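K.L.:
Listed in order, the protein sequences are those of chains B and V. The first sequence: position 7 = 221 (the numbering used here), numbered continuously. The second sequence: position 304 = 518 (the numbering used here), numbered continuously.
Hints are supplied without guarantee of correctness; some may be wrong.
[To be verified] Just so you have them, the derived chain B footprint on chain V, three or more residues with Cβ under 8 Å: (1) 301-310; (2) 346-354; (3) 404-411.
[Said to hold, decoys possible] Just a sample of chain B residues kept apart from chain V, beta carbon distances all over 10 Å, derived: (4) A306; (5) G454; (6) R489; (7) E490.
[To be verified] Coverage of chain B stretches by chain V, computed from C-beta distances (three or more under 8 Å per stretch; other residues unrestricted): (8) 293-304; (9) 350-356; (10) 400-413; (11) 457-467.
Derived from the structure by calculation, the hints contain no laboratory data. Nothing here was measured: the structure is a model prediction, and the numbers come from that model. Cβ coordinates follow ideal geometry from the N, Cα and C atoms, glycine included.
2 protein chains.
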Amino acid sequence: MEDYTSRGEFALIDFIRRCAASAEAVQAGIGDDCAVLSAPTGPVVVTTDMIVEGVHFRKEDPLRQVGWKAACVSFSDVAAMGLSPSALVCAAALPDDFSMEQAEEIFLGLNQACAEFVVGMIGGDTTSSRGPLSLCTTVLGYASAEFKPILRSGAQVGDTVLVTGSLGGSILGKHLTFVPRVDEALVLNSGFDVHAMIDISDGLAADLNHILEESKAGAIIEADRIPIADAAHELSKRTGKTALQHALTDGEDFELLFTMAPDEAERLMRGQNFREPVSAVGRITESGLFIEQAGQRRPLKPEGYEHFKGMGGKKK
Amino acid sequence: MEDYTSRGEFALIDFIRRCAASAEAVQAGIGDDCAVLSAPTGPVVVTTDMIVEGVHFRKEDPLRQVGWKAACVSFSDVAAMGLSPSALVCAAALPDDFSMEQAEEIFLGLNQACAEFVVGMIGGDTTSSRGPLSLCTTVLGYASAEFKPILRSGAQVGDTVLVTGSLGGSILGKHLTFVPRVDEALVLNSGFDVHAMIDISDGLAADLNHILEESKAGAIIEADRIPIADAAHELSKRTGKTALQHALTDGEDFELLFTMAPDEAERLMRGQNFREPVSAVGRITESGLFIEQAGQRRPLKPEGYEHFKGMGGKKK
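Looking at chain B on its own, in the form it has when it is part of the complex (with noise of 0.2 Å):
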C-alpha cells in the first residue's frame, strides 16, 4: 500500500481536486491559497487551516499567541488573493485536561487578532479531544463584483518576483506573532498590476515553485538581492545551515510572495511606503527554478515546509 508520507500532502491536495464535485459556482478552486466562489450574490473568498500542537505550535508556547497564529495563518491566505478578510469560523479541539482559563487564552488571541483585522468572528464548534490540541480556522472575506482574485496561475516571463518583509528562521519567534500582510495585499490590489501572488507558509522556494508550476513558467532568483530575517543568522549559529538555505527554505514566514512586469515593480519600489520594504528578488523566466551567487547559476530545489516530512511515518 503507498504510504501516504512519502508522496506528502500535496499528493493528497492533487487527489482531492480530482475528486471534488465539479461546482460551476467555483472561480478557482483547491490548488490556490483559497477558493473563489460565485455566489449568487457575489464572489466570496474561502480559505481553512488546522494548525495542530506539535506541528505547528509546542505545547509551552503561549496560548493566546497560538490563537492569533490560527486567525492570521487564513488572514494570511486571504490577503494572498489581494482581499481583506472578512467573517472568521474557529472549531477547536481542546485537550480534556484544559483548563477554561486556558480555553479562553486562545480565544483571546482570535478575538484580537479578529479586532485588529476587523473581522468579525462569527461562530465556532468545541470539541475535547485526547489527543493533542488543535483549531481550525475558516475565513471568508466579501469581495465587490469588480473584484479579481490574484491567483498563483498569473506570473508572466518577463515578470519581476518581489517578496515583503524579510525571510527565513519564523521557528524563533515570528511564526507566533508574525503580521498578516493584509494592508500590504490591498495597496497591491488596487494600486498595481499583480500578475501572481502567494504568502510564504512552506518557505520561499517551495511557494515560488507552487506559482511556476500554476503559471507553467520558471524563474531565476538573485540570491543578494534575499532580504534575510536577523532570525535567520539567528538560527544559522545553531544549524550548521546558512542563513540564505533558512531563507530560502524555512516554512512560516507569511510573507507575501508575488510577480508584476518589471515597469509596475519599479513604480511600487519607488513610491513603497510598507511598514516593512518590499524587495525585487528575481524574474520569471520560461522554465527551471534557479539562484544566482556571485556570477554563478545553479538549480534551486523547491524545498521547503512540509508536512509529513520527517514526522517517522511508517511504510506500509
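With the hints as your guide, set chain V onto chain B.
P.N.:
This is chain V only, laid out in the frame that chain B set:
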C-alpha cells in the same frame, strides 16, 4: 483555577459570544446552528464543526463513513436554518502513519456526501498529527435576498413541537450514516411558517432546551408521542436504560426539532410526505421543561450528549 470540563462547552460558547468582535454583518451569530452573514452582496450562512477520533467516531470505523459524517454534520446545521448547503471546505489532521489509501477513503466519503447534496467541495487543508484523526468541516449556504433563517429563538407559547424521523441509539450506527434532513428543511422553510428549529446533535431534551433558552419559553413533552428508534430499543437491552431515556438523551440523531403554530403543525401532519414521518411530541409553554407519561408530569432534565462529560478531565 476553574476547570474547563466542569462548565462544559456551553460555558465556553458563552465566553466566545461575549468576546466576539461585534460584527455588524452578523444577522444571527454564535449560539445558533449557523451564523448568518449579511455579505454586501447577500446573506451567507456558515457553520463549522470538528469531529475527532475517540470522541465522534472510533479508530475502527470505516473511514468513508467518517468522511460522510464530517460533511453531513455541517449540512445538518445548515438545514436547521432552513437552507440547503452550497459549498464545503475541509481541514484534516491525519495521523502520521496514515496511508494514502486511508486518506483517500475519507475524501471519498466527503465527496459522496457533497455529490448527494449537490455541494461544491471547494478546498481544504491537510496536516500531520501525532494525535488522533480529526476533521474540520466548514459549510456555506448561499441564500436569496428574501431568505429568512429559522432561528432557535422564535418558539412561541402554544406552538406544537415536532421532530423528523426517530430518535435514540445512534451510536449503534446511525451517527455515521445518517441522512441530514436537507430536503425536509427546504420543504419546511418554503411551505410552512416554522417558528424555531435546531438539529438534534446533543439529544432531544438538551436541544429542545437550547430552543427554550433562546426563546425564553418552556415546553411539555408527551412521552408516548416520542418516535423511538429501533436502535434505542436495541441499545436499551445492553445499557439498562429505557429506550425512552435513549430517545430523550442520546446525541447525534441529526433529526430536525422545530416548533410551529398548532394549525400549521396540523397542516404539515396531514399532508406530510417526507422520507420518514414527522411526529408532534409536545407543546411550548411559558416556562419549565416537563415530560408527561400515563397522566403524570415530571420535570425533564435537559441532559444530553455534551462533549467533555465523562472524559476524565482533571480538576485543576
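K.L.:
So which hints don't hold here, by number, going up?
P.N.:
3, 4, 10 and 11
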